[in-house]
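**Student:** Given next are the chains, with one letter for each unit.
There are 4 protein chains.
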Amino acid sequence: MKKNSSLTAVVIGASGYAGSELCRLVARHPLLTLAGCFVSEGSVDAGTKLSVLYPKLRGVVDLPLQGLDSLSLKQIKATAQVVFIATEHEAAAQLAYQLYDNKRIIIDLSGAHRLAEAQDYVTHYGFSHPHPQLLSEAVYGLAEWHTGLLANANLIAVPGCYPTATLLALKPVQHLLASQPVIVNAVSGVTGAGRKPTHKTLGAELSLQGYGVFNHRHQPEIEQHGQTAVVFTPHLGAFKRGILATLYLQLAEGTSCQDVAEAYAVYQKHPCVRVGYQHTPAIQDVEHSGYCDIGWHRKGTQLIVFAAIDNLLKGAASQALQCLNLRFGEPQTTGVPL
Amino acid sequence: MKKNSSLTAVVIGASGYAGSELCRLVARHPLLTLAGCFVSEGSVDAGTKLSVLYPKLRGVVDLPLQGLDSLSLKQIKATAQVVFIATEHEAAAQLAYQLYDNKRIIIDLSGAHRLAEAQDYVTHYGFSHPHPQLLSEAVYGLAEWHTGLLANANLIAVPGCYPTATLLALKPVQHLLASQPVIVNAVSGVTGAGRKPTHKTLGAELSLQGYGVFNHRHQPEIEQHGQTAVVFTPHLGAFKRGILATLYLQLAEGTSCQDVAEAYAVYQKHPCVRVGYQHTPAIQDVEHSGYCDIGWHRKGTQLIVFAAIDNLLKGAASQALQCLNLRFGEPQTTGVPL
Amino acid sequence: MKKNSSLTAVVIGASGYAGSELCRLVARHPLLTLAGCFVSEGSVDAGTKLSVLYPKLRGVVDLPLQGLDSLSLKQIKATAQVVFIATEHEAAAQLAYQLYDNKRIIIDLSGAHRLAEAQDYVTHYGFSHPHPQLLSEAVYGLAEWHTGLLANANLIAVPGCYPTATLLALKPVQHLLASQPVIVNAVSGVTGAGRKPTHKTLGAELSLQGYGVFNHRHQPEIEQHGQTAVVFTPHLGAFKRGILATLYLQLAEGTSCQDVAEAYAVYQKHPCVRVGYQHTPAIQDVEHSGYCDIGWHRKGTQLIVFAAIDNLLKGAASQALQCLNLRFGEPQTTGVPL
Amino acid sequence: MKKNSSLTAVVIGASGYAGSELCRLVARHPLLTLAGCFVSEGSVDAGTKLSVLYPKLRGVVDLPLQGLDSLSLKQIKATAQVVFIATEHEAAAQLAYQLYDNKRIIIDLSGAHRLAEAQDYVTHYGFSHPHPQLLSEAVYGLAEWHTGLLANANLIAVPGCYPTATLLALKPVQHLLASQPVIVNAVSGVTGAGRKPTHKTLGAELSLQGYGVFNHRHQPEIEQHGQTAVVFTPHLGAFKRGILATLYLQLAEGTSCQDVAEAYAVYQKHPCVRVGYQHTPAIQDVEHSGYCDIGWHRKGTQLIVFAAIDNLLKGAASQALQCLNLRFGEPQTTGVPL
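Chains as they are written, first to last, in full-length UniProt numbering: chain V, 1 to 338; chain D, 1 to 338; chain Z, 1 to 338; chain F, 1 to 338.
Honestly, the hints are just simulated from the structure, not real lab data.
One thing to keep in mind: the hints can contain errors.
A pair holds if it fits inside one copy or across any two, identical chains being indistinguishable in the list.
Within a straight-line C-alpha distance of at most 27 Å, the following computed DSS-like cross-link-like pairs (lysine-lysine) qualify [claimed, not checked]: (1) K74 <-> K49; (2) K200 <-> K299; (3) K269 <-> K103; (4) K171 <-> K299.
The task is simple: from the sequences and hints, build the whole structure.
**Tutor:** Below you can see the structure in the form of structure tokens.
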């Protein structure tokens, strides 16, 4: 596969919020041809056009949703050079295994390949990982931090939405911190909870409310890839898209503003991250875009960092494209809405 | 039952949005004692406290939700002087029949007793009415208009939310109109769609969108009780509570502003309706209250009337209490949040 | 100016909601180079970077807002081939006059050149039009309907947001109608009210509420360009972007669904308009896009048509680009977010 | 003044969001007669009925807003037994001084009497306190904690909205903490920012965004009355009413769940505070009510506590009534919407 040739891509799990955004972005990515949109076998959505589920995609993605069966899987193997997986975690673990060989790139947006240890899946995801050997093959797709590894990855685990916002804020200053744990207070829009109807995600119930206290599965992901203990508390807000993470950090004595500014300067060569001293990013600044906006504030040894992303884009679909771009030597931003 | 003695009341269908509001209002109504909150037999909510489903009711209504079975139905018959029904329509038709005798007042918030003809239920509700003989017994509980009938009613059909807003705007000026149909453009908050999780009512899907064009079941209800042809078009808005109905009416030649003002003066003796000439009521003016706010505007023979209500209160629970008050000779507003 | 050469463009009135969207779209339009962002002389925003007012534009449009004075006006005359005006109406009338000659294209997003008669400005806009001779020069930029005229226009009056939605829904079926007036019930997001802080547009006040009853200035615009009497009633909704217009139309006896379908087929060659029979477009389907979604419903001689647009895009900035594209022989959709 | 006699009350600063809520509650408080609603002299709102500014108050509070001048001040002195002040801080300091004697109770909802040291006003409020001698007279009206002092107070400083939520969560467990500072992450609805139109509080700008980092004036208030160092970070959310505060606390080694539960049991005798172990209170649970809902979660020595209030009620107007009730020996909840 050489640069700028068109790559045949499919999306599995296309009917979800992240999956449908992915289809939209893949369809207009100059390097990719969207060859198929799949849902799990037996899904009620099989046979329906994606644009019937998402009328905003009429004229944008007019493919039908195909139920994934052995035949279509075989066809994917025969033709797809890039497979995006946006299904439930356990299904994703199975699919990645079935599709993994040296003929295609697998970009998994589920959590199935984000944690290093099989045991973590029992503890945090509630299932025994069926193919733990792939965990060490997967490259964690935090695009700005794993640029080199991604250039050669065949299995990419796109980070969760909360970890993306948190780690982008945390990693530059990690060496400046005096103590753990880091406090991460985060608020997400309701698309983060997925498209399956539940009481909690009804429009009539939306409000601002914490959840998953001490036990959200993004906590171990943040800790592993951030190499820091964190107290991570997600909240569900009464809005559709976006995450705002507020991090409370303790700097080592003597750390100057200059030190912090230099640390965040790492993002000067990464166009999807915008940083500002004493900036307070708003979710509406990044909604519908692939940006992560970071603002930091220091007083003595206290450091407060805000990070805002669109959970479905930088927290899922557009970060997946950044990973793909890095894999194929494209500029990070190709096809990313900025 | 004499005035101001405490009446034993139960609510059946207490787990829904209207039902839970009703429980809250009944619990603090000076004339009533809330003796039980019921859900249908086999409901997953049976056994749960209402305040677990609705944490805002902690300390307000601490009763458990009881599954309705033959035993509890017998007990309701033995003790309840007032039964509020807020279940699905067909269940309500059955319940009203089982509970209807001269020992208690039944106040039905479902649609089961709002239409005059049994055939209407086949056409508009999709079921064959099991007890059509009760349709002629029921008094339509549009409180401001059926004050006299309600004083003697034993079965009260509380109007639907859209019909309440529409009819309160329409009825005073009906004799001034030159032509039909009346255009009614209405927008409702999502609680109007009920508590059952569906794709359409997810927080992630809320927007502004028409639905039920030409075939919403509130159209025949409006036409029957308004004695006018209407083109009624409901819309679902991205908010929780409230309805704004905008009516487009054609006045007879020569109708003056004075004529219209006099027509709406009918509400001067009805404290739950507030009228203003050239007023544009906002949903937030009536949210969480039992008011209906009406504003009217005339230009030549064009008359535009806005009516705003809280769909769960004036459009359901508080109007039910107005009916109860009228039945027992209380002031209309007793227990109504104003 | 030949096709695909880069055209130097400036935006005057860049600090408003429509103006800033315009800057964003102009900056990435392949035919245009955004050479300047202007605000009125003495504006408090002069000297500030546009991306400080709109942090979402950091890295996207990094130009400063320049106060417009005689010097900068001279410079615009010397260099700009395309001038977008997004100021207040009266200022726009003055600016268009000062800049109008055969060396540049003026695309005016204000209302200053939408109405044919100077007298209309006294009546509906509250000022005496300073340069009425330009009113007959201006081409009304309803892109899908004035394709031919726009190809030669030097002064383009971009339609208002409400008229855009209304006229796109109305014009195809106008010849099928039996009577007037047409009822247009429309709801807009709060960005339509502009960026100037007022009580009515505070976040704390947003709700759903009618306004401008019988006297909104978009009514004569709709009537003039739709050649039909309308009763147009705008409402302000509790959301940021988008308009949903619901039109109530009376078809001539004998009009079939086929007739209506054929009428709307006019949009098959216009990619920014998507039409569906029995479709109910939602604002979220067109938010942040340049689409207009139309859904139509017929019952007997009643025709109900919904039209949804993003008020800042199809209702302002992206329609301005469609006009520009048509003027320069580009495909309509170049640079339009779809 | 003996219990249950009617007390003459006035509200100064009645046109604001907290002031208008206060008028509504005072008007229906059984102990009070609302004798006047005042705004500052020269306010554009003077002469207007409060219910014109707030149409939801039509029929509820029909008094006009009176401009406060020397004459009306004299009249207030002659007649009012209770004066509520809901003006800007500096004006409140002046008013309290002018009205303070042993003939009436002053309940100040501004920040003018919340801090102990005059110097604090220079630092945190930007003005030199004109009457510092009153600072030591004022009783801080955190109703659940100063029950005794409030019984004899003549000048009551009602706590700020953020301090109310924070201190109610913090104070019970303060003796169990191992270290400082306490992290307080709080999100408020936009009514907290007041009724004066600003860009930040426009409906078109609302999103989720931090502000006042390290320098919000509620930080010293929390620290003083909580006797603890805090890192307090407020955020503005895209909703109208309510505050959710999330507190991150470090327990001393060996602290058990039992210890924490016993600490929070202090609220069992305070009906306006509802506490739940492992509860995650939502803002919608307390919206439009005088409740504070607290949920606490412990893991090892980590303690996370959520507190939700309605910022205009428990965070302002209804807490003012609780203070009044305690002052006059009434039950705390009289007139408080629960």
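**Student:** Evaluate each hint against the coordinates.
**Tutor:** Hints versus structure:
Taking the closest pair of Cα atoms, K74 and K49 come within 27 Å of each other only inside a single copy of the chain (22 Å); across copies the shortest separation is 52 Å, beyond that limit. Taking identical chains as interchangeable, the C-alpha atoms of K200 and K299 lie at most 27 Å apart only when they sit on different chains, with a minimum of 25 Å there against 38 Å within one chain. For the identical chains of this complex, K269 and K103 are neighbours neither inside a copy (31 Å) nor across copies (41 Å), given an alpha-carbon limit of 27 Å. With identical chains, the CA atoms of K171 and K299 are at most 27 Å apart both within one copy (20 Å) and between copies (25 Å).
Of the numbered hints given earlier, the model fails hint 3 alone.
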